[in-house]
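Asks: The chain contents come next:
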Amino acid sequence: MKQAGIVIEVEHNQVKETSLGMITLAGRTAESLTALVMDGITREITDQLAAHGVHTIVDLVLPDAPEIRLNPAVRAAAVVHAARELTLDRVLGLSSPEGKDLLPRVAALLDAPLVMDCVDVDLNTGLANTSQYSGKVMAQIQLTGETLVFGVRPNAVPPEPRPVQAKTVVLTDNEAVPENITLRSWDNKDSEGRQSLVEADIIIAGGRGLKNKDNFSLIIDCAEKLNAAPGASRVAVDEGWVPYAFQVGQTGEKVSPQVYIACGISGSIQHFAGMKTAKMIIAVNRDENAAIMANCDYQVPGDLFDILPEIMKQL
Amino acid sequence: MQIYVCVKHVPDSAANIHIVDNLKIEESVPFLLNPYDEHAVTEAVVLKNQVPGSEIIAVCLGKKDAESTLRSALAMGADRGLLVETEKVCDSMTTARALHAAIVKDGPADMILTGKESIDNEGMQTQFRIGALFDFPVVTNAVSLDIKNGNAIVTCELAGGRTRTFDLSLPCVIGAGRGLNTPIYPTFPDVVKSRKKPIETLTLPELNVPAAPGSAKIVSMTPLVQKRHPRKITGTPSAQAAEIIRILKQEAKVLS
Ligand SMILES: Cc1cc2nc3c(=O)[nH]c(=O)nc-3n(C[C@H](O)[C@H](O)[C@H](O)COP(=O)(O)OP(=O)(O)OC[C@H]3O[C@@H](n4cnc5c(N)ncnc54)[C@H](O)[C@@H]3O)c2cc1C
Numbered sequence: 021m022k023q024a025g026i027v028i029e030v031e032h033n034q035v036k037e038t039s040l041g042m043i044t045l046a047g048r049t050a051e052s053l054t055a056l057v058m059d060g061i062t063r064e065i066t067d068q069l070a071a072h073g074v075h076t077i078v079d080l081v082l083p084d085a086p087e088i089r090l091n092p093a094v095r096a097a098a099v100v101h102a103a104r105e106l107t108l109d110r111v112l113g114l115s116s117p118e119g120k121d122l123l124p125r126v127a128a129l130l131d132a133p134l135v136m137d138c139v140d141v142d143l144n145t146g147l148a149n150t151s152q153y154s155g156k157v158m159a160q161i162q163l164t165g166e167t168l169v170f171g172v173r174p175n176a177v178p179p180e181p182r183p184v185q186a187k188t189v190v191l192t193d194n195e196a197v198p199e200n201i202t203l204r205s206w207d208n209k210d211s212e213g214r215q216s217l218v219e220a221d222i223i224i225a226g227g228r229g230l231k232n233k234d235n236f237s238l239i240i241d242c243a244e245k246l247n248a249a250p251g252a253s254r255v256a257v258d259e260g261w262v263p264y265a266f267q268v269g270q271t272g273e274k275v276s277p278q279v280y281i282a283c284g285i286s287g288s289i290q291h292f293a294g295m296k297t298a299k300m301i302i303a304v305n306r307d308e309n310a311a312i313m314a315n316c317d318y319q320v321p322g323d324l325f326d327i328l329p330e331i332m333k334q335l
Numbered sequence: 043m044q045i046y047v048c049v050k051h052v053p054d055s056a057a058n059i060h061i062v063d064n065l066k067i068e069e070s071v072p073f074l075l076n077p078y079d080e081h082a083v084t085e086a087v088v089l090k091n092q093v094p095g096s097e098i099i100a101v102c103l104g105k106k107d108a109e110s111t112l113r114s115a116l117a118m119g120a121d122r123g124l125l126v127e128t129e130k131v132c133d134s135m136t137t138a139r140a141l142h143a144a145i146v147k148d149g150p151a152d153m154i155l156t157g158k159e160s161i162d163n164e165g166m167q168t169q170f171r172i173g174a175l176f177d178f179p180v181v182t183n184a185v186s187l188d189i190k191n192g193n194a195i196v197t198c199e200l201a202g203g204r205t206r207t208f209d210l211s212l213p214c215v216i217g218a219g220r221g222l223n224t225p226i227y228p229t230f231p232d233v234v235k236s237r238k239k240p241i242e243t244l245t246l247p248e249l250n251v252p253a254a255p256g257s258a259k260i261v262s263m264t265p266l267v268q269k270r271h272p273r274k275i276t277g278t279p280s281a282q283a284a285e286i287i288r289i290l291k292q293e294a295k296v297l298s
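Sequence lines, in order, name chains A and B. Numbered by this note's numbering, the letters in the first sequence go through residues 21 to 335 in order. Numbered by this note's numbering, the letters in the second sequence go through residues 43 to 298 in order.
Honestly, the hints are just simulated from the structure, not real lab data. Don't take each hint at face value.
Stated by the list, open to error - Here are the simulated DSSO-like cross-link-like pairs (lysine-lysine), alpha carbons at most 27 Å apart as the crow flies: (1) A:Lys231 to B:Lys274; (2) B:Lys269 to B:Lys238; (3) A:Lys333 to A:Lys36; (4) B:Lys291 to A:Lys333; (5) B:Lys90 to B:Lys66; (6) B:Lys269 to A:Lys299; (7) A:Lys299 to B:Lys295; (8) A:Lys36 to B:Lys106; (9) B:Lys190 to B:Lys106; (10) A:Lys333 to B:Lys66; (11) A:Lys299 to B:Lys291; (12) B:Lys147 to B:Lys90; (13) A:Lys299 to B:Lys106; (14) B:Lys274 to B:Lys295; (15) B:Lys239 to B:Lys105; (16) B:Lys291 to B:Lys274; (17) B:Lys259 to A:Lys245; (18) B:Lys106 to B:Lys130; (19) B:Lys130 to B:Lys147; (20) B:Lys269 to B:Lys105; (21) A:Lys245 to B:Lys147; (22) B:Lys66 to A:Lys22; (23) B:Lys238 to B:Lys90; (24) B:Lys66 to B:Lys269; (25) A:Lys36 to B:Lys259; (26) B:Lys274 to A:Lys245; (27) B:Lys105 to B:Lys295; (28) B:Lys295 to A:Lys333.
What the hints assert, rightly or not - Quick look at which bits of chain B chain A covers, simulated, 3 or more residues with Cβ under 8 Å: (29) 79-91; (30) 163-177.
All C-beta atoms in this analysis are idealised placements derived from N, C-alpha and C, irrespective of residue type, glycine included.
Work the whole structure out from these sequences, hints included.
Replies: Rendered as structure tokens:
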């Protein structure tokens with residue numbers, strides 16, 4: 021291996037914790053790390069990256085116009101450009117919502133193999149671990165090729181400090197803007213002020229036990245108090261109580277929070293597919309025989325309509 | 043329009059998966075049409091209704107058994123099927139090359155639909171590789187699709203309800219997300235009718251599928267069972283709530 025390039029995600033002028041964790045993971049098997057930052061670099065960002073072991077920080081300059089800068093095809097081309105210019109033979113990024121639309125583009129353009137949603141990666145050998153079959157199987161995958169691409173599951177590894185000296189390089193990509201795909205509009209409406217599901221430390225999720233849309237606000241209010249992200253089972257989504265973006269599970273988001281609090285969720289195989297890698301699972305359910313009660317860390321038998329308001333009161 | 047829908051034959055999500063030789067899964071479980079591909083087939087039918095005279099071709103790379111998944115797609119409304127038959131386990135670089143070659147041979151394509159991912163390998167990339175091989179634009183996790191003035195206007199969901207809308211020139215590749223539509227549930231007559239629809243079988247050698255410059259190979263598989271040992275929190279709701287808060291603060295250290 022020559023050089024590992026890490027696509028960094030930034031929010032509110034801060035490197036996301038999940039990106040810092042990915043740097044820690046990469047640092048275990050790569051000597052020298054290059055960070056690719058696409059939306060401008062500040063002193064704060066440079067300091068954070070250097071404090072976590074990044075040696076080279078690349079300021080990937082994109083056109084200012086947001087409809088160009090935010091176009092995933094433009095971003096992917098910029099990453100590919102950087103990979104070629106800097107002879108990066110490993111490219112890592114988060115298997116985050118943005119990453120799922122970016123890394124496969126990068127891999128396709130490089131015609132390089134890719135594993136998404138890795139929980140562990142060895143950059144020297146090209147081995148990666150990822151879950152398959154709805155979280156029922158952990159597969160170890162061997163990538164071979166000139167350049168290897170890895171999508172790392174957010175929160176797979178917590179960030180650890182590793183201060184180094186970092187230098188900054190500016191790279192401007194003058195490639196033509198693609199004509200066959202243009203970004204017309206984008207919105208952030210539902211995410212404002214709310215924690216992102218895949219990145220949250222705490223998720224509190226509700227299922228059929230909430231019974232209706234009005235009651236579901238109990239989950240949302242509780243989430244706000246706990247600084248948690250609200251989640252849901254598919255039933256709550258299919259009933260129209262919450263948008264699809266809330267869904268955790270095989271056909272929803274796959275999450276690995278520190279704590280997952282499941283309320284009125286039975287724990288179907290498909291729901292588990294999305295949250296079984298949570299560090300701690302707390303299940304609030306009035307049926308002690310529900311599947312989730314046998315496969316959690318703390319079972320809380322009882323009525324969620326009694327317990328959740330108590331949590332709110334005591335916080 | 044000539045609409046190609048790439049479909050995959052995958053184990054039922056509710057099936058118990060057993061691992062053989064630490065390397066592969068026991069394949070005696072029921073296999074179905076990948077759930078996201080159901081949205082792709084359904085959307086093709088919606089498009090066909092909007093653009094009369096369109097043809098829907100379901101394409102699948104897989105073993106002989108995968109024919110049943112093509113039949114499901116035909117029952118949902120695809121007109122005919124192409125099975126690229128192989129006993130080999132193909133990674134997405136090879137899969138994309140095979141699907142590309144089959145569509146090139148059969149085409150030309152005006153649109154290629156796929157699911158946003160398959161629920162077995164969860165690779166999330168085949169649609170992008172097909173797009174790159176054709177040099178067609180690609181979007182994934184589409185939740186709405188309109189054809190206007192010869193362009194595809196597609197809204198895709200990121201997360202947290204955030205969406206982005208793209209304008210793609212045709213031909214293009216679209217990875218269907220769950221929000222795109224409600225999958226067609228074939229009636230019994232649909233199923234009967236689908237038995238008469240043609241399925242052509244092709245092989246990798248006859249398609250001259252080129253070797254990929256890299257690969258992804260499964261080297262081991264282990265069951266992912268995280269054995270948890272539940273402890274019970276009892277008492278009044280107020281005592282239970284207090285204990286949960288204590289655990290969040292002191293054990294998980296996620297609350298201060
Ligand atoms: C292809 C496929 C994909 C799927 N993908 C997903 C997915 O991604 N995510 C997902 O979640 N599901 C998915 N499902 C659906 C899944 O099979 C289950 O139907 C679903 O997860 C059940 O949701 P639930 O636990 O909310 O409801 P239920 O199974 O009905 O459970 C409700 C629970 O609430 C408890 N309860 C009721 N009232 C109260 C109360 N007052 N206080 C405390 N507890 C109470 C009950 O005891 C029960 O355990 C999928 C299914 C298929 C076939």
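Asks: Hint by hint, say whether it matches the structure.
Replies: Each hint, compared with the structure:
no., hint, in the structure
1, A:Lys231 to B:Lys274, "holds (25 Å)"
2, B:Lys269 to B:Lys238, "violated (49 Å)"
3, A:Lys333 to A:Lys36, "violated (31 Å)"
4, B:Lys291 to A:Lys333, "holds (16 Å)"
5, B:Lys90 to B:Lys66, "violated (39 Å)"
6, B:Lys269 to A:Lys299, "holds (12 Å)"
7, A:Lys299 to B:Lys295, "holds (12 Å)"
8, A:Lys36 to B:Lys106, "violated (46 Å)"
9, B:Lys190 to B:Lys106, "violated (39 Å)"
10, A:Lys333 to B:Lys66, "violated (50 Å)"
11, A:Lys299 to B:Lys291, "holds (15 Å)"
12, B:Lys147 to B:Lys90, "holds (22 Å)"
13, A:Lys299 to B:Lys106, "violated (41 Å)"
14, B:Lys274 to B:Lys295, "holds (20 Å)"
15, B:Lys239 to B:Lys105, "holds (19 Å)"
16, B:Lys291 to B:Lys274, "holds (18 Å)"
17, B:Lys259 to A:Lys245, "violated (45 Å)"
18, B:Lys106 to B:Lys130, "holds (11 Å)"
19, B:Lys130 to B:Lys147, "holds (21 Å)"
20, B:Lys269 to B:Lys105, "violated (34 Å)"
21, A:Lys245 to B:Lys147, "violated (58 Å)"
22, B:Lys66 to A:Lys22, "violated (32 Å)"
23, B:Lys238 to B:Lys90, "holds (20 Å)"
24, B:Lys66 to B:Lys269, "holds (22 Å)"
25, A:Lys36 to B:Lys259, "violated (31 Å)"
26, B:Lys274 to A:Lys245, "holds (24 Å)"
27, B:Lys105 to B:Lys295, "violated (49 Å)"
28, B:Lys295 to A:Lys333, "holds (20 Å)"
29, 79-91, "violated (count 0)"
30, 163-177, "holds (count 10)"
When each numbered hint is compared with the structure, violations occur for hints 2, 3, 5, 8, 9, 10, 13, 17, 20, 21, 22, 25, 27 and 29.
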